[in-house]
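Number of protein chains: 2
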Amino acid sequence: MPREVDVAIIGAGSAGLFALSQVRRKTDNYVLIDGGELGTTCARVGCMPSKVLIQVADDFYRRNIFEREGIEGAESINVDIPEAMGHVQDLRDTFVDRTLGATDNLDDTHLLQAYARFVSDDTLEVDGEMIRAKKIIIATGSSPVIPAAWQPCAEHILTTDEIFELEDLPTSMAVVGMGSIGLEIGQALSRLGVEVTGIDQLTTVAKLADPVVNDLAIDAIGKEFPLWLGATAELEKQDAGVKVSCGDQSILVEKVLASLGRRPNLARLGLENTSVKLDAQGIPVYDPLTMQIGDSAIFIAGDVNADRALLHEAGHEGRVAGYNAVHESIAAFKRKTFLGITFCDPNIATVGAQLDELDEADIAIGEIQFAPVGRALIMGKNRGVLRLYANKADGKLLGAAMACVKAENLAHLLAWSIQQGLSVQDLLKMPFYHPVIEEALQAALYNALGKLDIKEEVVELEKL
Amino acid sequence: MPREVDVAIIGAGSAGLFALSQVRRKTDNYVLIDGGELGTTCARVGCMPSKVLIQVADDFYRRNIFEREGIEGAESINVDIPEAMGHVQDLRDTFVDRTLGATDNLDDTHLLQAYARFVSDDTLEVDGEMIRAKKIIIATGSSPVIPAAWQPCAEHILTTDEIFELEDLPTSMAVVGMGSIGLEIGQALSRLGVEVTGIDQLTTVAKLADPVVNDLAIDAIGKEFPLWLGATAELEKQDAGVKVSCGDQSILVEKVLASLGRRPNLARLGLENTSVKLDAQGIPVYDPLTMQIGDSAIFIAGDVNADRALLHEAGHEGRVAGYNAVHESIAAFKRKTFLGITFCDPNIATVGAQLDELDEADIAIGEIQFAPVGRALIMGKNRGVLRLYANKADGKLLGAAMACVKAENLAHLLAWSIQQGLSVQDLLKMPFYHPVIEEALQAALYNALGKLDIKEEVVELEKL
Numbered sequence: 009m010p011r012e013v014d015v016a017i018i019g020a021g022s023a024g025l026f027a028l029s030q031v032r033r034k035t036d037n038y039v040l041i042d043g044g045e046l047g048t049t050c051a052r053v054g055c056m057p058s059k060v061l062i063q064v065a066d067d068f069y070r071r072n073i074f075e076r077e078g079i080e081g082a083e084s085i086n087v088d089i090p091e092a093m094g095h096v097q098d099l100r101d102t103f104v105d106r107t108l109g110a111t112d113n114l115d116d117t118h119l120l121q122a123y124a125r126f127v128s129d130d131t132l133e134v135d136g137e138m139i140r141a142k143k144i145i146i147a148t149g150s151s152p153v154i155p156a157a158w159q160p161c162a163e164h165i166l167t168t169d170e171i172f173e174l175e176d177l178p179t180s181m182a183v184v185g186m187g188s189i190g191l192e193i194g195q196a197l198s199r200l201g202v203e204v205t206g207i208d209q210l211t212t213v214a215k216l217a218d219p220v221v222n223d224l225a226i227d228a229i230g231k232e233f234p235l236w237l238g239a240t241a242e243l244e245k246q247d248a249g250v251k252v253s254c255g256d257q258s259i260l261v262e263k264v265l266a267s268l269g270r271r272p273n274l275a276r277l278g279l280e281n282t283s284v285k286l287d288a289q290g291i292p293v294y295d296p297l298t299m300q301i302g303d304s305a306i307f308i309a310g311d312v313n314a315d316r317a318l319l320h321e322a323g324h325e326g327r328v329a330g331y332n333a334v335h336e337s338i339a340a341f342k343r344k345t346f347l348g349i350t351f352c353d354p355n356i357a358t359v360g361a362q363l364d365e366l367d368e369a370d371i372a373i374g375e376i377q378f379a380p381v382g383r384a385l386i387m388g389k390n391r392g393v394l395r396l397y398a399n400k401a402d403g404k405l406l407g408a409a410m411a412c413v414k415a416e417n418l419a420h421l422l423a424w425s426i427q428q429g430l431s432v433q434d435l436l437k438m439p440f441y442h443p444v445i446e447e448a449l450q451a452a453l454y455n456a457l458g459k460l461d462i463k464e465e466v467v468e469l470e471k472l
Numbered sequence: 009m010p011r012e013v014d015v016a017i018i019g020a021g022s023a024g025l026f027a028l029s030q031v032r033r034k035t036d037n038y039v040l041i042d043g044g045e046l047g048t049t050c051a052r053v054g055c056m057p058s059k060v061l062i063q064v065a066d067d068f069y070r071r072n073i074f075e076r077e078g079i080e081g082a083e084s085i086n087v088d089i090p091e092a093m094g095h096v097q098d099l100r101d102t103f104v105d106r107t108l109g110a111t112d113n114l115d116d117t118h119l120l121q122a123y124a125r126f127v128s129d130d131t132l133e134v135d136g137e138m139i140r141a142k143k144i145i146i147a148t149g150s151s152p153v154i155p156a157a158w159q160p161c162a163e164h165i166l167t168t169d170e171i172f173e174l175e176d177l178p179t180s181m182a183v184v185g186m187g188s189i190g191l192e193i194g195q196a197l198s199r200l201g202v203e204v205t206g207i208d209q210l211t212t213v214a215k216l217a218d219p220v221v222n223d224l225a226i227d228a229i230g231k232e233f234p235l236w237l238g239a240t241a242e243l244e245k246q247d248a249g250v251k252v253s254c255g256d257q258s259i260l261v262e263k264v265l266a267s268l269g270r271r272p273n274l275a276r277l278g279l280e281n282t283s284v285k286l287d288a289q290g291i292p293v294y295d296p297l298t299m300q301i302g303d304s305a306i307f308i309a310g311d312v313n314a315d316r317a318l319l320h321e322a323g324h325e326g327r328v329a330g331y332n333a334v335h336e337s338i339a340a341f342k343r344k345t346f347l348g349i350t351f352c353d354p355n356i357a358t359v360g361a362q363l364d365e366l367d368e369a370d371i372a373i374g375e376i377q378f379a380p381v382g383r384a385l386i387m388g389k390n391r392g393v394l395r396l397y398a399n400k401a402d403g404k405l406l407g408a409a410m411a412c413v414k415a416e417n418l419a420h421l422l423a424w425s426i427q428q429g430l431s432v433q434d435l436l437k438m439p440f441y442h443p444v445i446e447e448a449l450q451a452a453l454y455n456a457l458g459k460l461d462i463k464e465e466v467v468e469l470e471k472l
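Chains as they are written, first to last, in the working numbering: chain A, 9 to 472; chain B, 9 to 472.
Keep in mind that the hints are not guaranteed to be accurate.
The list cannot tell twin chains apart, which means a pair is met if one copy fits it or any two copies do.
Pairs of lysine to aspartate or glutamate residues, derived as EDC-like cross-links and limited to a Cα-Cα distance of at most 20 Å, are as follows [unchecked claim]:
| # | residue 1 | residue 2 |
| --- | --- | --- |
| 1 | K215 | E170 |
| 2 | K34 | E12 |
| 3 | K34 | D14 |
| 4 | K389 | D66 |
| 5 | K245 | D256 |
| 6 | K231 | D101 |
| 7 | K389 | D98 |
| 8 | K342 | E464 |
| 9 | K471 | D303 |
| 10 | K34 | E464 |
| 11 | K404 | D461 |
| 12 | K389 | D101 |
| 13 | K342 | E470 |
| 14 | K142 | D303 |
| 15 | K251 | D115 |
| 16 | K459 | E12 |
| 17 | K142 | E170 |
| 18 | K215 | D315 |
| 19 | K471 | E336 |
| 20 | K34 | E465 |
| 21 | K400 | E465 |
In case anyone wonders, no lab produced these hints; they're calculated from the structure.
Please construct the entire structure, taking both the sequences and the accompanying hints into account.
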């Protein structure tokens with residue numbers, strides 16, 4: 009007889025833990041199953057250690073502003089890489105410990121540390137035990153992609169699974185994949201003294217669909233380390249490392265960071281034993297508003313569904329999956345306005361709808377170049393651009409893309425505004441303090457205002 | 009015969025220039041009158057040069073984090089004060105030049121560089137010329153207060169009018185007045201090596217009405233330089249400087265910075281020749297929604313009305329005064345949600361209603377201490393607190409106070425949300441990225457949620 013549970017959650021990462029928080033409100037008869045190392049991707053090998061590395065690199069890089077500010081001694085500053093990596097690992101361990109708090113108090117009936125495999129739509133095999141669940145949530149996360157053709161160079165290839173574990177850094181590195189992870193780590197390593205070459209087969213970075221923002225990001229970051237864009241990287245093992253070629257350029261490097269994306273962890277699940285339908289990419293077909301797979305009793309949340317691989321979206325999806333797993337009728341929930349941030353310098357952020365999703369004939373693009381922004385000039389970070397997209401007919405904000413200082417903060421203001429359906433005119437009535445980077449957003453709003461079909465007499469004021 | 013104009017604006021600072029922008033839309037028959045140095049208070053002696061000084065000081069102070077991050081050489085870093093002050097002055101000049109752009113293109117009929125004096129409600133005397141105006145806008149700004157009793161020590165007293173002009177800094181300084189200006193400049197000077205003592209007759213800093221935030225701010229900043237609070241500063245001239253006493257403490261300092269507040273520039277205006285009524289503090293009685301003084305044809309905007317001495321409020325008030333000066337009927341305009349920021353470290357910010365304006369029985373206070381905030385820990389800035397005030401019955405946000413990293417950014421999110429009438433529950437549905445400081449706000453919202461009278465099942469999700 010299989011063990012009977014109300015809900016089985018496969019994966020104790022961020023999405024699984026958020027699902028669990030909902031499930032526990034309704035039932036104690038659940039099981040959380042995880043065959044890998046406990047602690048979330050975010051804390052172990054993702055958001056958190058990368059931010060520590062970036063913080064150290066940015067603090068070290070800041071010495072370049074010292075001369076203009078009258079601060080002496082920049083040339084005496086060095087970074088002790090093993091010390092810096094030790095600091096990254098110390099903080100990483102702190103963050104991992106915190107996420108483990110979520111599973112520490114689960115007993116052996118509730119937490120199974122083994123891999124789960126579907127034997128049918130409602131039954132899992134876990135370490136020889138059969139578990140029949142009324143509802144099952146797949147939240148197995150994702151893993152870094154390494155192309156099969158790179159196998160001969162395996163010993164020189166790192167991913168985010170390994171890089172934060174290093175005690176020392178290589179002297180040279182090709183970072184292949186200029187998405188968020190590649191840009192963040194590539195720039196941080198470059199600032200810490202590694203000879204970095206950034207490579208991507210696309211001519212865009214951080215998935216930017218806006219050519220103006222993309223060009224500025226490439227130009228600004230390309231001044232720190234070479235970016236080879238528009239051709240596939242090819243690796244060739246050498247005695248002293250790896251020869252990495254991209255188009256007609258090549259370089260010999262000690263290590264290669266594969267930052268080509270992450271692949272959903274679906275292979276071990278035995279989905280072939282279920283009625284779950286897969287799309288062309290092999291991802292279960294699910295409803296992003298309910299997280300339900302088809303009309304099954306199986307839900308999917310987090311990186312494993314290959315949609316929005318972001319912690320706060322994993323949180324949202326986990327909550328929705330967990331909620332629906334313990335309620336009689338399946339409810340659809342509004343998605344959050346898209347918000348994506350790359351923590352490089354300048355920050356890159358995208359919010360809401362992007363240019364490739366919009367018809368340029370229908371929108372007004374408000375643009376601000378940061379050179380004249382007072383606070384940015386004071387910070388010595390006045391290379392940047394912010395572009396926002398508004399409905400030309402009524403000024404309603406649709407989306408934004410930016411590469412600029414404090415984009416991480418501006419992007420929140422914009423995402424919250426877009427989620428509420430606000431317009432350019434609405435935002436211009438808000439307080440913008442002085443001198444703050446938010447004034448750049450204000451300038452972009454004015455720029456958009458001039459391009460709208462509507463005209464108001466005094467847009468900043470609201471009559472009582 | 010007096011010269012006849014539609015509008016006379018007295019004062020070419022921020023408020024006057026924003027008023028001008030409205031006036032010019034309707035008439036070319038205006039005059040802008042300024043007897044002082046052109047260029048706004050903000051750019052010449054306020055927001056802008058202080059932010060440059062703070063930026064240099066903060067960049068220099070950041071060396072204290074180096075050791076924990078594995079960065080070596082902090083002890084070799086010094087600041088060349090004359091170089092640093094030269095940098096402050098260079099950028100200050102850049103910002104002043106920009107504000108001068110607003111008056112550069114005005115000819116001698118439109119811009120009068122002299123002081124204006126009312127001879128009646130509708131007539132001004134300017135450098136011997138009589139100007140009769142249909143509408144008059146007073147926007148003469150404010151000046152630093154120096155107590156009369158300090159006169160014997162005058163040669164040792166500085167205000168913001170002088171401090172940014174210094175070629176070198178004194179070795180010791182008492183900063184009297186721990187409002188925004190005193191805190192910002194006091195901390196910056198301390199970080200640049202000046203032996204600073206901060207003094208205030210109040211036991212609060214930055215006008216904080218929230219005791220929890222006030223205590224943390226005092227404790228954090230008081231670790232950098234002594235704060236003597238709760239007694240009036242008394243000055244006594246000595247051969248080598250000034251002896252500054254406060255309660256039973258005293259210190260000999262080279263200079264004193266008077267940061268006791270700013271007094272409206274009303275004395276020269278000859279208001280006694282008008283029907284304008286003054287309040288107990290000698291400020292014209294006006295309507296903050298229209299900026300009209302009584303039912304006269306005179307308006308008042310900016311620092312001179314002694315209400316919200318902030319650039320963005322001067323902009324708002326200037327616009328309202330300018331609008332009403334050129335429209336037949338007087339319109340009332342909604343005020344912006346209050347937003348005040350002190351750019352010290354940790355930032356101090358207040359938004360909306362403060363504790364002394366609220367009935368604690370009716371509100372839920374959401375509080376987050378920053379120690380556990382991941383990103384703050386990474387930044388090494390995890391000493392902070394954010395408190396937000398919500399209506400206990402329905403969760404509507406009313407105000408907030410905070411002393412924490414990036415308060416300047418969090419305060420914008422909160423001010424925009426309060427201005428829109430949003431609730432704790434509304435905000436918890438917004439995207440909060442990870443790991444960002446905005447997550448501290450999210451935690452404070454959760455804390456408030458638990459104290460509300462209402463309970464929702466899954467507050468983060470919105471059913472479709």
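Exercise for the section: Can you give me the call for K215 and D315, within, between, both or neither, at a CA distance of at most 20 Å? Expected result: Cα proximity of K215 and D315: one copy only (14 Å, versus 47 Å across).
Practice task
Can you give me the call for K231 and D101, within, between, both or neither, at a CA distance of at most 20 Å?
Solution key: neither (34 Å within a copy, 29 Å between copies)
Practice task
First find the shortest C-alpha distance between K389 and D101 inside one copy, then the shortest across copies, and answer within, between, both or neither for a cut-off of 20 Å.
Solution key: For K389 and D101, only the inter-copy Cα distance (19 Å) is at most 20 Å; the intra-copy one is 32 Å.
Practice task
Since the copies are identical, ignore which copy is meant and state whether K251 and D115 lie within 20 Å (CA to CA) inside a copy, between copies, both or neither.
Solution key: neither (50 Å within a copy, 68 Å between copies)
Practice task
State whether the alpha carbon distance between K34 and E464 is at most 20 Å within one copy, between copies, both, or neither.
Solution key: Result: close only across copies, 15 Å inter versus 52 Å intra.
Exercise for the section: Evaluate K389 and D66 at a C-alpha cut-off of 20 Å and name the case that applies: within, between, both or neither. Expected result: For K389 and D66, the Cα distance is within 20 Å both inside one copy (12 Å) and across copies (15 Å).
Handout entry: Within, between, both or neither, where K471 and E336 count as close if Cα-Cα is 20 Å or less
Key = Cα proximity of K471 and E336: across copies only (15 Å, versus 48 Å in one copy).
Problem - Intra- versus inter-copy proximity for D303 and K142 (alpha-carbon distance at most 20 Å) - result: Answer is within; shortest intra-copy Cα gap is 13 Å, inter-copy 74 Å.
Problem - Intra- versus inter-copy proximity for D98 and K389 (alpha-carbon distance at most 20 Å) - result: Between copies only: 17 Å across, 30 Å inside.
Problem - Homomeric proximity label, K471 with D303: Cα distance no greater than 20 Å - result: between (51 Å within a copy, 19 Å between copies)
Practice task
Please work out whether the CA atoms of K400 and E465 approach to 20 Å or closer within one copy, between two copies, in both situations, or in neither?
Solution key: within (17 Å within a copy, 39 Å between copies)
Practice task
Have a look at K342 and E464 and pick one of within, between, both or neither, based on CA distance no larger than 20 Å.
Solution key: Result: close only across copies, 16 Å inter versus 32 Å intra.
Going down the numbered hints, you'll see the structure goes against 1, 6, 15, 16, 17, while the others check out.
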